[in-house]
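The numbering used here puts the first residue of the sequence shown at 1, with every later residue one more than the last.
One or more of the hints may lead you astray.
What the hints assert, rightly or not - The calculated DSS-like cross-link candidates involving lysine-lysine, where the alpha carbons are at most 25 Å apart (straight line), are:
(1) K9 with K53
(2) K28 with K53
(3) K54 with K9
What the hints contain is simulated information worked out from the structure, not anything from laboratory work.
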Amino acid sequence: MKKTQLLTKAQIEDLLIEWNIYSESQQKPILEEFHRNYQGDYVQNDFLQFLRKKLEIDGYSKKIGIT
Numbered sequence: 001m002k003k004t005q006l007l008t009k010a011q012i013e014d015l016l017i018e019w020n021i022y023s024e025s026q027q028k029p030i031l032e033e034f035h036r037n038y039q040g041d042y043v044q045n046d047f048l049q050f051l052r053k054k055l056e057i058d059g060y061s062k063k064i065g066i067t
């Protein structure tokens with residue numbers, strides 16, 4: 001099993017800023033997909049990792065130097 005890389009504080013802040021740009025109607029299907037894939041127990045990092053992939057934020061984080 002591949003170990004997920006923990007996000008830095010700067011990456012988390014940037015990811016949450018990006019997430020908050022999305023409207024409620026845009027967030028809803030993303031949240032539904034997360035809940036379909038992560039039924040039962042999950043932690044905040046699971047959601048952050050899901051968002052990281054869904055919002056394709058890695059390239060941007062590398063570009064601005066917060067990786």
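How the hints compare with the structure:
{"no.": "1", "hint": "K9 with K53", "result": "17 Å, holds"}
{"no.": "2", "hint": "K28 with K53", "result": "16 Å, holds"}
{"no.": "3", "hint": "K54 with K9", "result": "19 Å, holds"}
Hint compliance for this structure: no hint is broken.
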